[in-house]
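On the provided structure of chain A, position chain B as indicated by the hints.
Number of protein chains: 2
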Amino acid sequence: MATKILVLGGNGFVGSHLVESLLAGGARVRVLDRSGSLKTPPMIGVDYRYADLADLPALTEALADMDLVIHLISTTVPGTANQDPIADIDGNLIGTVRLLQKLRNAGVPKLIYLSSGGTVYGDSPNRPIPETHPRDPLSSYGIVKAAIENYIAMYGGLAGFQFLILRVSNLYGPRQGHVGVQGVIPTICRRILDGEPLKIWGDGSATRDYLHISDLMTFITAAITQGATGTFNVGSGMGTSLTQLLELFAQITRKPLKLEYLPPRGFDVRHLVLDITKARRTLGWQPQVPLREGCQGYWEWLQRHEG
Amino acid sequence: MATKILVLGGNGFVGSHLVESLLAGGARVRVLDRSGSLKTPPMIGVDYRYADLADLPALTEALADMDLVIHLISTTVPGTANQDPIADIDGNLIGTVRLLQKLRNAGVPKLIYLSSGGTVYGDSPNRPIPETHPRDPLSSYGIVKAAIENYIAMYGGLAGFQFLILRVSNLYGPRQGHVGVQGVIPTICRRILDGEPLKIWGDGSATRDYLHISDLMTFITAAITQGATGTFNVGSGMGTSLTQLLELFAQITRKPLKLEYLPPRGFDVRHLVLDITKARRTLGWQPQVPLREGCQGYWEWLQRHEG
Chain A
1 MATKILVLGG NGFVGSHLVE SLLAGGARVR VLDRSGSLKT PPMIGVDYRY
51 ADLADLPALT EALADMDLVI HLISTTVPGT ANQDPIADID GNLIGTVRLL
101 QKLRNAGVPK LIYLSSGGTV YGDSPNRPIP ETHPRDPLSS YGIVKAAIEN
151 YIAMYGGLAG FQFLILRVSN LYGPRQGHVG VQGVIPTICR RILDGEPLKI
201 WGDGSATRDY LHISDLMTFI TAAITQGATG TFNVGSGMGT SLTQLLELFA
251 QITRKPLKLE YLPPRGFDVR HLVLDITKAR RTLGWQPQVP LREGCQGYWE
301 WLQRHEG
Chain B
1 MATKILVLGG NGFVGSHLVE SLLAGGARVR VLDRSGSLKT PPMIGVDYRY
51 ADLADLPALT EALADMDLVI HLISTTVPGT ANQDPIADID GNLIGTVRLL
101 QKLRNAGVPK LIYLSSGGTV YGDSPNRPIP ETHPRDPLSS YGIVKAAIEN
151 YIAMYGGLAG FQFLILRVSN LYGPRQGHVG VQGVIPTICR RILDGEPLKI
201 WGDGSATRDY LHISDLMTFI TAAITQGATG TFNVGSGMGT SLTQLLELFA
251 QITRKPLKLE YLPPRGFDVR HLVLDITKAR RTLGWQPQVP LREGCQGYWE
301 WLQRHEG
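So the sequence lines, in the order shown, correspond to chains A and B. Each residue of the first sequence is one higher than the one before, starting from 1 at the first, in the numbering used here. Each residue of the second sequence is one higher than the one before, starting from 1 at the first, in the numbering used here.
The shape of chain A in the complex, shown without the other chains (with noise of 0.2 Å):
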């Protein structure tokens, strides 16, 4: 992998994760992000340049001389995108749009993406979803996903870049924070560690598909060494209910947890759970990191860091 990446959104959860699995496979790094990691140190050999998506002379900056554009960037979580949705489609859709037409001046060749398999399809009786179901998202978030990921064609075909987008499911793993509700399991054991009640929203029996962090960062690795394009679901395969996690939860910490049962929220998906089929035939490449297994290490990494 001796190729010159730039890492956009480089110092958040998945992005510090990938800039040392990048570093680990021979590339030279470089992050664009708007400020540094909470979690880790900068790391050594990354050239790390600080800036908003929006500040369009660094990006262009940034991009000079790459071989490939990671995007991470989102400027919103599913929640805070349904409450101004003018904000997702300005800071998300708008900035990127502005990354791509960058791209076509700056001559970089690849870009990869990283969307949102847990809200592009909407809520579907179909499970598992494969990359080909039609995507009705329910939510601002996975609107604007939608958009982006049309637009990164759209620009592709046209500027002549190669794109690879990754449909990810529910992310979950160390570094991951409780903070702008970036998943639920950071949430629960952070209430559990706080002996705060849980809000749920339904009645628990909604399934997602939860992916350990390093289960995406070796789908990447295969994906960059292969030179994979185009579109892929990166999942577990599996669905689990809330109802589900929470058991596992309990099984793992020991301790008690208040649930405080809210109405369904109208855009949330019910069920999602991604068929990874493609990315089986096509990479060779399967989620290695067993549920219970990947929580209790997320258990035990928080006590360790913020107990």
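Check before you lean on any hint, since a few could be wrong.
[Unchecked claim] Straight line, CA to CA, 20 Å or less: simulated DMTMM-like cross-link-like pairs of lysine to aspartate or glutamate:
no. : chain 1 : residue 1 : chain 2 : residue 2
1   : A       : Lys102    : B       : Asp90
2   : A       : Lys278    : B       : Asp136
3   : B       : Lys258    : B       : Glu247
4   : A       : Lys102    : B       : Asp84
5   : B       : Lys255    : B       : Asp194
6   : A       : Lys258    : A       : Glu196
7   : B       : Lys102    : A       : Asp90
[As the list claims (entries may be wrong)] Computed beta-carbon distance windows for the label pairs:
no. : chain 1 : residue 1 : chain 2 : residue 2 : range
8   : A       : Pro57     : B       : Arg292    : 34 to 42 Å
9   : A       : Ala58     : B       : Gln101    : 29 to 37 Å
10  : B       : Pro134    : A       : Asn105    : 25 to 33 Å
11  : B       : Gly79     : A       : Gly230    : 22 to 30 Å
12  : B       : Asp123    : A       : Gln162    : 16 to 24 Å
13  : B       : Pro134    : A       : Leu56     : 27 to 35 Å
14  : B       : Gln251    : A       : Thr3      : 55 to 63 Å
15  : A       : Thr229    : B       : Ala250    : 41 to 49 Å
16  : B       : Lys199    : A       : Gly204    : 35 to 43 Å
17  : B       : Arg292    : A       : Gln226    : 51 to 59 Å
[Stated by the list, open to error] Every beta carbon over 12 Å from chain B, so not counted as near; a handful from chain A, in silico:
no. : residue
18  : Lys39
19  : Asp194
20  : Gln244
Honestly, the hints are just simulated from the structure, not real lab data. Everything numeric in this text was worked out from a predicted model, so none of it was measured. Note that beta-carbon positions come from the ideal geometry of N, C-alpha and C, so glycine has one too.
Frame of chain A; chain B shown alone:
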């Protein structure tokens, strides 16, 4: 049809026909448009308001006390949208999300939106295309229309208003202009009248689904009268290649047309025919104007008005 209806973009090609049709059906009509119609004098009994979609105070006033809003405004056409996608997103997507937020506050119970059957689906070997087909738009125009459809469904669910989305095919008919590349039929006729060459991107084999404006009017009347909601394809259900269309106009006009063949554009859909089974079955609607008759009528109208 004894309702109070606001038509956003009521002075354009579609809007002027629609306002006539609504008045004939007994509705009370208010129009919000940037400017007056170039093709028709103001209609008696219509409450005209002149403002941009982005003018929120004017929009709020126009929404007051309405039973139905029909949203026809588009600040772009397919060609200009691709030239400046950010203006497309800003004018159409953000403009419509602001409208949706205002609809909620104004308590308007129903919205009808004119989407684009010709661009939201993208290219497909499956012809004709039903409403359930995945939306994989290739152009900014189609990407933004698909995103708008998604936000309408989202806000409709959150705010409890009904919505009807019309995925209309290639419209044509009297009052349609050739400025701004509104449609291929006006452009062909204008080039014939002016004796100028017509640019053809590709070999002329690309097919489209041409619908006469009066057939859209009978659809909208039926849909309002029967209280239809959801998403409908509105087209002729038949495909016509550009070469076939040119032959038709050669017969109708008995005038020569110079052709200038150019390479196909990446963002143009090759084949587009809508499956209109849902509209037929649900509303008993059926297009009535044969293409030859409609084209003959347009040619005569153009010679009378712009020859």
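>> Hints numbered earlier in the text: which of these fail when held up against the supplied structure?
In response: 8 and 16
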